[in-house]
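Trainee: Listed below are the residues making up each chain.
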Amino acid sequence: MQKSLKTEFLGITITSPLVLPAGVMGMAFSGFNISIENGAGIVTSKSLTLKSRTGHKGPVVAEFEGGFLNCMGLCNPGIVDGLAEIDQFKERSDIPVIVSVFATNTKDFLELTKYVNKSQADFLELNLSCPNVFDEFGIPLAASQDEVHKIIKAVKQVSTLPVIAKLSPNVYDIVSIAKTAESAGADALCMINTVGPGMLIDTKMVNPVLFNKFGGLSGPCVKPIALKLIYQTYSAVNIPIIGMGGVTYGEDAIEMLMAGAIVIGVGTAVHYRGIEVFNKINNEILEFMDENGYKSLKDIPRLEKLEM
Amino acid sequence: MQKSLKTEFLGITITSPLVLPAGVMGMAFSGFNISIENGAGIVTSKSLTLKSRTGHKGPVVAEFEGGFLNCMGLCNPGIVDGLAEIDQFKERSDIPVIVSVFATNTKDFLELTKYVNKSQADFLELNLSCPNVFDEFGIPLAASQDEVHKIIKAVKQVSTLPVIAKLSPNVYDIVSIAKTAESAGADALCMINTVGPGMLIDTKMVNPVLFNKFGGLSGPCVKPIALKLIYQTYSAVNIPIIGMGGVTYGEDAIEMLMAGAIVIGVGTAVHYRGIEVFNKINNEILEFMDENGYKSLKDIPRLEKLEM
Amino acid sequence: MDKRITLKIAKIEDEAKDIKTFTFKHKLDAKPGQFIMLTDFEGGEKPFSISDCTKEEFSITVKRIGEFTSRLFQKCVGDYVSIRGAYGSSFFISKNKVLLVGGGYAVPTFYFFAKVLLEAGADITLINGARTKAEHIFADRFNELDIKAINATDDGSFGEKGTAVDVAERILANQLVSKLQPNKLVSKPQLGDTKHFQAGAWKRENKKKFDFVYASGPEMMMKTLQPLLKGVDYEFLFERYMKCAIGICGNCTMDPLGIRLCVEGPVLPKKLMEQLTEFGKYHRDAAGKRVKY
Amino acid sequence: MDKRITLKIAKIEDEAKDIKTFTFKHKLDAKPGQFIMLTDFEGGEKPFSISDCTKEEFSITVKRIGEFTSRLFQKCVGDYVSIRGAYGSSFFISKNKVLLVGGGYAVPTFYFFAKVLLEAGADITLINGARTKAEHIFADRFNELDIKAINATDDGSFGEKGTAVDVAERILANQLVSKLQPNKLVSKPQLGDTKHFQAGAWKRENKKKFDFVYASGPEMMMKTLQPLLKGVDYEFLFERYMKCAIGICGNCTMDPLGIRLCVEGPVLPKKLMEQLTEFGKYHRDAAGKRVKY
Ligand SMILES: Cc1cc2nc3c(=O)[nH]c(=O)nc-3n(C[C@H](O)[C@H](O)[C@H](O)COP(=O)(O)OP(=O)(O)OC[C@H]3O[C@@H](n4cnc5c(N)ncnc54)[C@H](O)[C@@H]3O)c2cc1C
Ligand SMILES: Cc1cc2nc3c(=O)[nH]c(=O)nc-3n(C[C@H](O)[C@H](O)[C@H](O)COP(=O)(O)OP(=O)(O)OC[C@H]3O[C@@H](n4cnc5c(N)ncnc54)[C@H](O)[C@@H]3O)c2cc1C
Ligand SMILES: Cc1cc2nc3c(=O)[nH]c(=O)nc-3n(C[C@H](O)[C@H](O)[C@H](O)COP(=O)(O)O)c2cc1C
Ligand SMILES: Cc1cc2nc3c(=O)[nH]c(=O)nc-3n(C[C@H](O)[C@H](O)[C@H](O)COP(=O)(O)O)c2cc1C
Ligand code: FES
Ligand code: FES
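Chains as they are written, first to last, in this note's numbering: chain A, 1 to 308; chain B, 1 to 308; chain C, 1 to 293; chain D, 1 to 293.
Incorrect hints may have been included.
For lysine-lysine, the following DSS-like pairs were computed, each having C-alpha atoms within a straight-line distance of at most 25 Å [said to hold, decoys possible]: (1) K90/A <-> K3/C; (2) K8/D <-> K204/B; (3) K90/A <-> K209/C; (4) K31/C <-> K153/A; (5) K281/D <-> K204/B; (6) K57/B <-> K90/B; (7) K3/C <-> K280/B; (8) K204/B <-> K6/A; (9) K204/B <-> K25/D; (10) K153/B <-> K204/A; (11) K3/D <-> K90/B; (12) K289/D <-> K204/B; (13) K57/B <-> K305/A; (14) K118/B <-> K289/D; (15) K8/D <-> K3/A; (16) K57/B <-> K46/D; (17) K204/B <-> K27/D; (18) K298/A <-> K107/B; (19) K51/B <-> K281/D; (20) K305/A <-> K204/B; (21) K204/A <-> K281/C; (22) K289/C <-> K57/A; (23) K11/D <-> K298/A; (24) K204/A <-> K289/C; (25) K270/C <-> K57/A; (26) K57/B <-> K8/D; (27) K3/D <-> K280/A; (28) K292/C <-> K51/A; (29) K57/A <-> K55/C; (30) K75/D <-> K57/B; (31) K204/A <-> K75/C; (32) K11/D <-> K204/B; (33) K75/C <-> K118/A; (34) K8/D <-> K295/A.
Honestly, the hints are just simulated from the structure, not real lab data.
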């Protein structure tokens, strides 16, 4: 029998469980094109803000053993131009699109939501957790249960699309925040955003490598942290989870599913394994299913939920 | 001129700035022997508890790209036997010893302190931050400013040795906790303990790899997180910092110094580069000093402090 | 791991008023057409093509344009900068008769390339164009190589009169420029001064067609060149705003293919060029906003 | 990276009442004397020596002792377990005349070792000791190898009477056991039954001394053996409580050298053995507490 990677996410059928996450290849409609041609099942826009942002000055990325730091600083063409790219993508594709938006207060989130309502997007993702704009905006919203509740509740009242809350791993108790998001009406969770943040130093020039000094960690080394937080959250909530953080091989994607994710983001691995990474991982998942006698993604078992 | 790695830590002169951190090779006096023969300048005992503990069942370690998870579970022979190992080590060596102790309340910390007072140890380190005994003991003490303050204040009144507070990176605001520790009288800070914790899953057996499910991250990939937290803390406090987390090469140690550490722990790298890692790093630091014209560790510049 | 390396500037040469070559003593593992990302940690990390690369050292040739390059121009020999790379795709190494069409600060990458092509046994004709004599660079360097170098300036103040594309058009129409006399050295070379060359004279004797055309220069130059290249294979070296240079941020993707100029580029082959709808029409700025040419 | 691998048990063989051999179809990169860490994820991960290792498969031979090994004994062919390794030091491969002294469940590692020694051209004498016939293992396997295998039991119920050390003492005193007749197969072998062998007979003809002695067995066995080994080189395979097996936790360090049995061991050379003060005196338990022998 033909194995299939078909699955459902919030009522929409997708052909691969792999998601292009926010901020990766999501600037131009053509970035979506190449991702889906290479096997992504859902694509996410760069987090869009009301006004365009050029982001932080470089260096904005720095490599270390096991991953990358980045501090892009939410560079994006602004919600209007950003949505134009999505509409252009949607002219020729049925692949679902998540529009990620970023703001620092409910009012701006609501304004963004109204723009997104009028676009061809399929889902609205609230980036509550960018770790790289601390200087500018202070503590991420995802660190405060009150803020998370207030924003999601307000956005849900206005949004015509399902709402996904993107959570930060850099909080003391992600489970409470996830529960808050759920109770405020979030339709799904996306986790994790980048970890830390961290810093690297150029020892010859005695300078932080990143101009922004600090940047969030992504890549293989954050996988254990992502798996743990996804598993804890999966044990505590009933809404679906987009799991991400360090997924590089099919095996990692399977771990995400077993930890409780329903679909899986693949970001930094686009660097490690090329844009073909989606097809590669799809094939590796199929091989794993073959070897272990699973016929569909639903057959892949999950860990027993944690007792809370 | 002869370059030297000599430095001072809390008034004691040490021949190398490299510290064997708590939990690494620190079970038996012979573990200290081999570490100092290979170039460590200070050694730390495994965190000792009042009663002996066999720790968690295996697997207790799991490797991933960029580091290790561990959930030893504070296995140790108990304070009495543990201090006997230290006294045996001290019979033949002048190298300073840090005794790490772990407890869950002030009373036990005080009792441990009294034992340590009677030993040959040079410093007392309070492990406020083990991430691997959550099930048993709940939220690490280092996550609560009140607890940190109370314990350190009490211990300082009793301890005849300088007191070092070991901090957890897994808190939302480490700087406030560091400041609290300083104001409560801590003589130095040791940071960071393991990160996360994280989880890995065996996809064939659908099981967490660690029997304890979760384990703290150490190794190269935690370095950016350690550097950032050390740098922030260094910018905010005036007591010396033992910096650790992922130091594997001389270059990493230099980064720690530039971020504000005064001495540097080398733990997981003992696996990657053998027990000779201390000598190797010592030599790499000397080479770096040579190349850049520094004559002593004090010449190595630090980053400008962050504005707070 | 594309490890970052921090290097002292070993040599700085003035090429023209606002163009300098910076040389570093470091064995860079690079192919012609590739670029490095360079920073001084004072704000900004920018892509620069490699203009020379030997076993001991490599160079970049930089035009002062804005904040970053102005700061770079103030650096001295011995100052540190930090680089990572080399990144990106490289030129196809042809063994046959090739034409290199270059303009402005994008010409020097052909110096590194020409040396590699010569080793492969190629028969090289180079058009080295600039707006005016004062901005014309690398003529003397190219002159030392066993290639036919044709200098051109828009205003005719040095070499042929006309743009590099004008010259290319003429050459391609005739396809007979394989035995051009090299430029002649008429006085002692001085930095930034190219007066001492007399443009080479033509010898119309070889009718062999070009097998491959390479272009590096302003996008509109390449846009004008492209229609002339029917029936001949080619590669163009492009520029797009780059941030990560490792193929994740998506800032440098080109429509509608979504190829990333920092990974699949900066050198793009004919086959891809023909499909790019944004070529010569618009590019994206640091915010990802489209900017029309 | 010592990647963990999860494998199906491919074969289970009963060796004696409480001893089984588990075989896995996996090409393990291991040397004789090394060990793996094995877990079933149900609590506990334990070290086991490799008793056989070919290009297609490897085996471990396990004695049921406590909770973990009891659970392992309930597993069936096809069940998964997860392993990592091989870890640790390995035996020196001598090309000369060697004596292997083994006792109990620690003997099988010599099966893997003997095969490697034979390939190197060594002349091997093995003493395979156990307390009693019912606990004696691997006699038939060793019999298939071109070595002199001397079986011994403390109570004389199978092979020579006496401990492995008793036999070693006799042999070493005479140093003449290089031409022992192999054991004779007198009936069809059956699992767990070694009756069908007749102990080989001695032939006192070769006086060449042993170049190397290897021992693997209970610590007190090796402690008794050591004084007999004056003037001859040797290596012992040790056991200490292991947790990480990657040389960081320090649970397996041996006093006063601080060598880690999981990295510098489990095979220790004479030079180190002579300096170990804890050898035969105490070891450390799971909490790191000293336990006297
Ligand atoms: C593959 C590639 C190779 C290049 N090679 C060379 C070279 O060999 N020599 C040389 O002088 N220049 C080269 N450039 C252009 C060079 O990167 C810019 O001139 C430089 O970044 C300008 O920075 P600035 O701060 O001085 O100017 P700004 O005032 O910041 O910008 C001026 C213009 O430079 C370009 N630019 C600025 N930042 C970037 C960026 N991060 N990525 C791409 N373009 C940017 C834009 O077109 C911008 O409008 C190359 C660019 C690319 C993409
Ligand atoms: C290098 C090495 C090689 C070994 N090779 C073999 C082998 O080939 N076959 C075999 O049957 N056994 C071997 N062992 C011993 C084996 O690991 C123990 O028998 C097993 O761990 C017992 O576990 P248990 O839960 O069944 O017993 P428990 O009741 O837990 O313990 C019984 C005894 O086993 C030993 N032990 C328990 N846990 C460990 C541990 N983590 N590390 C070391 N010793 C432990 C201790 O001496 C303990 O007192 C080896 C041990 C080491 C160190
Ligand atoms: C270069 C880069 C830019 C990112 N930008 C965003 C962003 O704009 N919004 C957001 O929610 N997450 C952003 N992220 C986080 C990713 O969406 C993802 O959560 C994270 O990288 C972990 O996944 P990975 O390890 O597969 O990359 C970015 C990550 C990277 C590497
Ligand atoms: C196996 C292991 C055991 C540890 N045990 C302790 C401990 O008992 N007490 C403690 O304070 N830290 C403990 N740590 C944390 C280390 O002291 C150190 O903070 C951490 O590993 C980061 O440094 P590294 O990356 O150099 O290993 C342990 C770490 C490891 C890897
Ligand atoms: S610069 Fe980031 S993808 Fe090319
Ligand atoms: S078992 Fe941990 S050091 Fe050997």
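Trainee: Does each hint fit the structure? Answer for all of them.
Mentor: Okay, the hints, checked on the actual structure:
With a CA separation close to 38 Å, the supplied pair K90/A and K3/C exceeds the 25 Å bound. Simply put, K8/D and K204/B have alpha-carbon atoms about 10 Å apart, close enough for the 25 Å limit, and the pair holds. Distance restraint check for K90/A and K209/C: the Cα-Cα separation of roughly 45 Å exceeds the 25 Å cut-off, and the hinted pair is therefore not satisfied. This hinted pair does not check out: K31/C and K153/A have alpha carbons roughly 54 Å apart, beyond 25 Å.
The hinted pair formed by K281/D and K204/B fails the criterion: a straight-line CA distance of about 42 Å is larger than 25 Å. Of the supplied pair hints, the one linking K57/B and K90/B is violated, its CA atoms being roughly 32 Å apart against a limit of 25 Å. For the proposed pair K3/C and K280/B, the alpha carbon gap of about 21 Å is at most 25 Å, so the pair holds. Only pairs whose Cα atoms come within 25 Å are accepted, and K204/B paired with K6/A is accepted, the gap being roughly 22 Å.
Between K204/B and K25/D, the direct Cα distance comes to roughly 16 Å. Compliance with the 25 Å bound is thereby established for this hinted pair. Using a Cα cut-off of 25 Å, the hinted pair K153/B and K204/A is violated, with the two alpha carbons roughly 40 Å apart. Our distance criterion of 25 Å between C-alpha atoms is broken by K3/D and K90/B, whose separation comes to about 38 Å. A distance of roughly 36 Å separates the Cα atoms of K289/D and K204/B; the hinted pair therefore is violated under the 25 Å criterion.
Restraint check: the Cα-Cα separation between K57/B and K305/A comes to about 21 Å, which is no more than 25 Å; the hinted pair holds. The straight-line distance between the Cα atoms of K118/B and K289/D is roughly 20 Å, inside the 25 Å bound, and the hint therefore holds. Proposed proximity of K8/D and K3/A is supported: the alpha carbons are some 23 Å apart, at most 25 Å. Distance restraint check for K57/B and K46/D: the Cα-Cα separation of roughly 10 Å lies within the 25 Å cut-off, and the hinted pair is therefore satisfied.
Under the criterion of a C-alpha separation no larger than 25 Å, the hint pairing K204/B with K27/D is consistent with the structure, at around 18 Å. For the hint pairing K298/A with K107/B, the CA-to-CA distance comes to about 52 Å; that exceeds 25 Å, so the pair is violated. For the hint pairing K51/B with K281/D, the CA-to-CA distance comes to about 24 Å; that is within 25 Å, so the pair holds. Of the supplied pair hints, the one linking K305/A and K204/B holds, its CA atoms being roughly 18 Å apart against a limit of 25 Å.
Our distance criterion of 25 Å between C-alpha atoms is broken by K204/A and K281/C, whose separation comes to about 42 Å. A C-alpha spacing of about 17 Å is found between K289/C and K57/A, which places the hinted pair at or below 25 Å, so the restraint holds. For the hint pairing K11/D with K298/A, the CA-to-CA distance comes to about 32 Å; that exceeds 25 Å, so the pair is violated. Between K204/A and K289/C the alpha-carbon distance is near 36 Å, which puts this suggested pair outside the 25 Å criterion.
Distance check on the hinted pair: K270/C and K57/A sit about 33 Å apart at the alpha-carbon level, beyond 25 Å; violated. A threshold of 25 Å between alpha carbons decides the hint, and for K57/B with K8/D the separation of about 22 Å falls inside it, so the pair holds. For the hint linking K3/D to K280/A, the alpha-carbon distance of about 21 Å falls within 25 Å, and the restraint holds. Only pairs whose Cα atoms come within 25 Å are accepted, and K292/C paired with K51/A is accepted, the gap being roughly 19 Å.
Restraint check for K57/A and K55/C: the C-alpha separation of about 32 Å exceeds 25 Å, so the hint is violated. For the hint pairing K75/D with K57/B, the CA-to-CA distance comes to about 19 Å; that is within 25 Å, so the pair holds. With a C-alpha separation of about 16 Å, the suggested pairing of K204/A with K75/C holds against the 25 Å cut-off. A distance of roughly 19 Å separates the Cα atoms of K11/D and K204/B; the hinted pair therefore holds under the 25 Å criterion.
Restraint check for K75/C and K118/A: not satisfied, since their Cα atoms lie roughly 51 Å apart, outside the 25 Å limit. Using a Cα cut-off of 25 Å, the hinted pair K8/D and K295/A holds, with the two alpha carbons roughly 21 Å apart.
Violated hints, listed in ascending order, are 1, 3, 4, 5, 6, 10, 11, 12, 18, 21, 23, 24, 25, 29 and 33; each of the other numbered hints is respected by the structure.
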